[in-house]
Amino acid sequence: MSSIPDQPGVTSGAATPPASGPTVTPVTPVSEGKTGAPDDKLPDGVLSGSGEPGANDLDAQWPAGRDPIRLLDARWLRLPRQPLLRHLLFGAVTAVGFYLLTSSLSAFNNFRIGEIALYTIALAGLSLLTGTNGQISLGQGAFMAVGAYTLGVLMTHTHWPLAVDVLAAIVLSGALGVVVGMPATRLKGPYLAGMTLILALALPRIADKYTVFFGGDQGLTVTAPTPPGTIDPQRWLTWIQLAGAIIVLILLANLTHSRFGRSFRAVRDDEIAAGLSGIHVARTKVLAFTVAASCAGLAGAFLGLSIGVVNTGEFSLSLSIYLLAGMVLGGAGSMLGAWWGAIVIVFMPGWSNSIANSFNLGSAVAANLSLVIFGLVLIVVIMVVPMGIQGGIGWLAQRALSLIRGVGQPRGSRAPPDISTTPDITTGGG
Amino acid sequence: MSLFVNLTLNGITNGMIFAAVALGLVFIWRATHIVNFGQGSMAMFTTYLAVTLLDRHLNYWLAFAAALVAGLVMGAVIETILIRPLAGKPALNPVIVTLGLFILLEGMAGSIFGIGSRSFPPAFSQAGLTFGHTKVAFSHFDVFILIAVVALMLGTLALFRATSLGLRMRAAAFAPEVARLLGVRVGRILTLGWALAAVAGSLAGLLVAPTVSFSPNFMDLVLVYAFTAAVLGGLDSPVGALVGGLVTGLALSYVGGYLGSSLEPLGALAILMVVLSARPEGLFSRPAPRRV
Amino acid sequence: MLDVEELSVSYGAVQALRGVTFQAQDGSVTAVLGANGAGKTTLLRTVSGLVKQQSGTVSYDGVKLSGLSVENIVRLGVSHVPEGRGVIEELTVEENLRLGTLWQFSHRQRRSVLDEIYELFPPLAEGRSRMASTLSGGERQMLAIGRALSSKPTLLLLDEPSLGLAPLVTAQIMALVRRLARETRLTVVLVEQNVRSALSIAEEAVVINLGRVVIADRAATVAADTQLRHHYLGF
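As they're listed, the protein sequences go chains A, B and C. Everything in the first sequence is counted per the working numbering, starting at 1 for the first residue and increasing by one. Everything in the second sequence is counted per the working numbering, starting at 431 for the first residue and increasing by one. Everything in the third sequence is counted per the working numbering, starting at 723 for the first residue and increasing by one.
Simulated from the structure, these hints should not be mistaken for laboratory data. Idealized CB from N, CA, C, for every residue including glycine.
Here are some chain C residues pointing at chain B (derived, C-beta under 8 Å):
| no. | residue |
| --- | --- |
| 1 | Ser770 |
| 2 | Leu772 |
| 3 | Val792 |
| 4 | His802 |
| 5 | Pro804 |
| 6 | Gly808 |
| 7 | Ile810 |
| 8 | Glu812 |
| 9 | Leu813 |
| 10 | Arg820 |
| 11 | Leu821 |
| 12 | Gly822 |
| 13 | Ser873 |
Produce the complete structure using the sequences and hints provided.
Here it is, written out as structure tokens:
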């Protein structure tokens, strides 16, 4: 296997820090939900606009270690500096916001919100694995299937409480994540993509084979949780899913902030250098894989609860690729990006149907338009705006901020390198 | 015993098809160090074009040729528009773009040609040949498959070893910068590499289509198995593509025959994991030294 | 004639060349000297088009080279032997040599061009079917130069040909370069760390330090300037 290092091994942080005096504390509107951790922005070495250090405006202006979400220099509102407290605060505020929101919406819209929440969980895990740790995985849909089927099987064959079933879904998919993650440590980009692609195709087939246990074509029935008191069942389920999403995002944001997060990024940017500086590369990669798989397992269980049935039709290869597209669109490595991606995934079938119908394109198009659009999304986003929606928003915010402040980086302080970048046989210099 | 014989013959013909697609993957890998996950979908699309022409009663071989030409054009266009702009950028980007291409083409095929599965007429009879008193699972069409893929392989060998163009292509793959200093138009060579790879894929699509229920995702598994074959043989080795294809075809045939067809993808996964753990560079390629 | 005027090149924030100006006359050998990291290799790579300049002009025979692709610059008669030689190991000796002839010569002509190269470098003739990876350092240098000559260039850029070679081999190669320049009106720009041998065959010398030209003069003058030699050339 070719072992040419795929990614230029430079972490951001070479630029001068933005000029600022007193501690700037971030204020984010409640509806934006989770905050991004400082290095929660787009990773430079993976999907950002260029492999060149500094060529990407984002990292010229947001060196490592500084919180990218600084919308206002608000001295009168001080938020806790500690990441954990900050995340908990945002989580609590978001939870309250969503409570109010769901109480006023119809059952169908609550169902939608629940779907968004569960896809956010899956995308957040994938974002951690691919964006922060640089391992591209097409198997996220397969792990969702594992979680869903665990839930389904346990519900069908046992009488354990729902919480145990869900926990089992998480644990089992996490365990499979370890199993898959271990050989995956030796694989670089395309090889890993290929292997997880086969995984996505192969796993659901097992359910096809052992139809008695796995319910065959009809699948396994899943009963929704009974709410306490007189709470509407759909709303109760949505709250559970939202709670799950908020908790997962808080955990993941903390993880990204911690030394594990730094290890993830170090391994992503330059495996060899990371190994030489004492990071246990294989363990780091397996950890990322396991976390992503566990998230997917939880999301899959939630999906089963939402739909009421678990069958292989839900977990085709398209799901895994949609998840990848959602992640890329939302912004790889970004927790907030996970929400954007989830929204697109949930609403896309509806949108394509409307488009197909309003242009009288016929049923064949209606069924396939989602595929076309997601395919275009993957291609166009990577080629044009690799940082995704969240990265784009952050970039705009930073621009707006510089305008408001009248300060900020002088234009073109980092001249993008303008030279041939093809690797060559010379040793350079001279 | 006859099951074993039939499985073996089946494995060989399937293996040749995997080898053809794998060869395309190898071309592209050697030229641009990209795995083209859209290879299967591109082949599927050109095969749909062929079947549309056949529906309009065009001569079979003309439609066949048209599909190959369409592949040539498609490969060239995709390389120029999608892949070339990504040169010099992070290496994960082309992976994602080719995956996007994968579903884009499937969606487009479904939209344009309809999603129902249908059948693709074979070039030759698919009835099993009879040797003495026994009927074997090997038909005229299977012979055609063998001949076509062998011709592809020999053609590739001749191109690379015996022509100036092949020399340029090898130089561009091994040492692009030095090749440029020697006047080789590396950009055009890359486009050509993609175009030829697409032709190999189109050929494979035409060979597979009569044997399966023909719908927009009929090449998905073929791509995945071809990828396994290419990795097994070594992503930069055309010979490896052939051997890898045959080994994969045989192995999966036995798995499918003795353990059940649903477990075939799992078999491919197992092969892949074994190869990547034991000899990641594949059977036939030279391990490259790690540059630090 | 190669005309370089106020050439400035930078890699991102690093300025590799600043306002470099010099000429190389037809049929002459110009030595480009300086310490490691001075910018010598960058200079050659800019002339051959591998590296884009920020400002200034490089023209050859009146044609501006900036903005031209490498392949088109080669077709103007420029041949660059890069640092490290760039021998393609996966090809044979003959394939390496043939590669240089492809863009210019027809089938029949290629054969005779190759024969000329073999005459210049008999060891290459003997090992023509060997894989280039099996060649020694001296043989690789011969192969690299032979390959560069196989397109019958009029401007030859050599980047540290003596690197890693025994003194005797270096001397032979230098002598050959001078002979070619004299006999075929080949313009040679020679980047070298081995200052003595470079100055021994060059008519002109350019000394570069930290991206700037310190002096561009006749080689004899530069060699005689002991202060300059101490300061920039290390002897």
